[in-house]
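Go by the hints and put chain B onto chain A.
Protein chains in written order, with the working numbering: chain A, 1 to 208; chain B, 1001 to 1208.
Keep in mind the hints are simulated off the structure, nothing from the lab. Note that this is a predicted model, so its numbers are computed, not measured. All clues stand as given, with none of them false.
Simulated restraints on C-beta separations: (1) A:F137 with B:N1119: 41 to 49 angstroms; (2) A:T78 with B:Q1194: 32 to 40 angstroms; (3) A:E167 with B:K1100: 22 to 30 angstroms; (4) A:D191 with B:E1109: 28 to 36 angstroms; (5) A:F137 with B:T1078: 35 to 43 angstroms; (6) A:S197 with B:Q1006: 26 to 34 angstroms; (7) A:S201 with B:Q1006: 30 to 38 angstroms; (8) A:K36 with B:I1145: 22 to 30 angstroms; (9) A:E167 with B:G1112: 26 to 34 angstroms; (10) A:N202 with B:S1035: 16 to 24 angstroms; (11) A:E11 with B:S1201: 22 to 30 angstroms; (12) A:K100 with B:Q1088: 37 to 45 angstroms; (13) A:S35 with B:S1166: 35 to 43 angstroms.
For each residue, glycine too, the CB sits at the ideal point set by N, CA and C.
Protein chains: 2
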Amino acid sequence: MIHKEQIANFERRYRATMINSLAGIRQSFLVGSKSKLGIENVAIFSNIIHFGANPPLWGIVFRPDTIQRDTLNNILETNCYTLNYINQDDFEKAHQTSAKFESHISEFESCGFEAQYVNDFFAPFVASSPIKIGLKFAERIDISINNTIIIIGQIETIDIDSKYISEDGFVNLHQLDVLANIGLDAYCHFDLKQRLSYAKSNVWPTPI
Amino acid sequence: MIHKEQIANFERRYRATMINSLAGIRQSFLVGSKSKLGIENVAIFSNIIHFGANPPLWGIVFRPDTIQRDTLNNILETNCYTLNYINQDDFEKAHQTSAKFESHISEFESCGFEAQYVNDFFAPFVASSPIKIGLKFAERIDISINNTIIIIGQIETIDIDSKYISEDGFVNLHQLDVLANIGLDAYCHFDLKQRLSYAKSNVWPTPI
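Looking at chain A on its own, in the form it has when it is part of the complex (with noise of 0.2 angstroms):
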């Protein structure tokens, strides 16, 4: 048993590394977005909050030790800012966009990944995604008890191939073989085991 005085004597490093793994698995994301002087930015984040689907809203929790601040700065700036699913074998490229890249570096060149436009939406898109959403800001929470910052975002477009959702609207992202992350540098597969029916007190779930 591991007690709050022990986690407080950890190494620094340990005690983020084994805090931030025990949170578990994630689902991995490339989030684009662009200065208003239109440096491209993008980079990887795996702390996504679904808040509610009507409206359709998720957070990204920030924090504030990281370099993700162009990411931050350039979604206050403009509003809006893309996620964008990690094909696995894209993982070492997606990991290299957490490296520490000066302002007026595009990390989309540098990383080897190749920025989209669609339409008349600011912020890039990463064109080898199989599924690329698009997000305006909607809501800023600052978190006083250790200075993170939570970025909400209403969903505006979603760019996905309709036969990987059924017809109860789940997405099959286990067979878009997208990639997953726990902590800041483990990379994950993940397989789809079994979806169940809808719970009920009097009835034990079925296999949908």
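Frame of chain A; chain B shown alone:
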């Protein structure tokens, strides 16, 4: 391409299933809590947010329309709760905790989990869970845009077999074969593909 007007016009459950599943794979946890009157509760959650490691802070999103109010009320009443990882074999029992049970009924009994108490921690752990985390309530954030609530808690204790923790603090969840999920009813396996070295702008990442 699906546009926001179409999303707004989707049938309610279709839209919820699509947007929730699009948010991707997430770690499944059983949240254990107990009311002041001593009624135990356990419910499955997967919307866990890592806010930081020092202090170790995680959040849970509570939707306004869910039936998981017992958990929320217990946390606000007693200031403590537990997060318990789920064995793959327990996925049907874990899903069953999402059914609507009356407040005076313990989901531990109804769904076939055993409650476990450790030292003087008020909230129950799930005895069969391979990793058990005890948390104390830290902060409540009300999201005005859609009335969701984030409960932030600080990790007090971590009960894990140390053989699953790498030298650098990384927790090898894939070796424990714990459950993950997509949306509200799709349960998943996952496996580690590769850990990569810390990303630097002038060096390509290498396996670690």
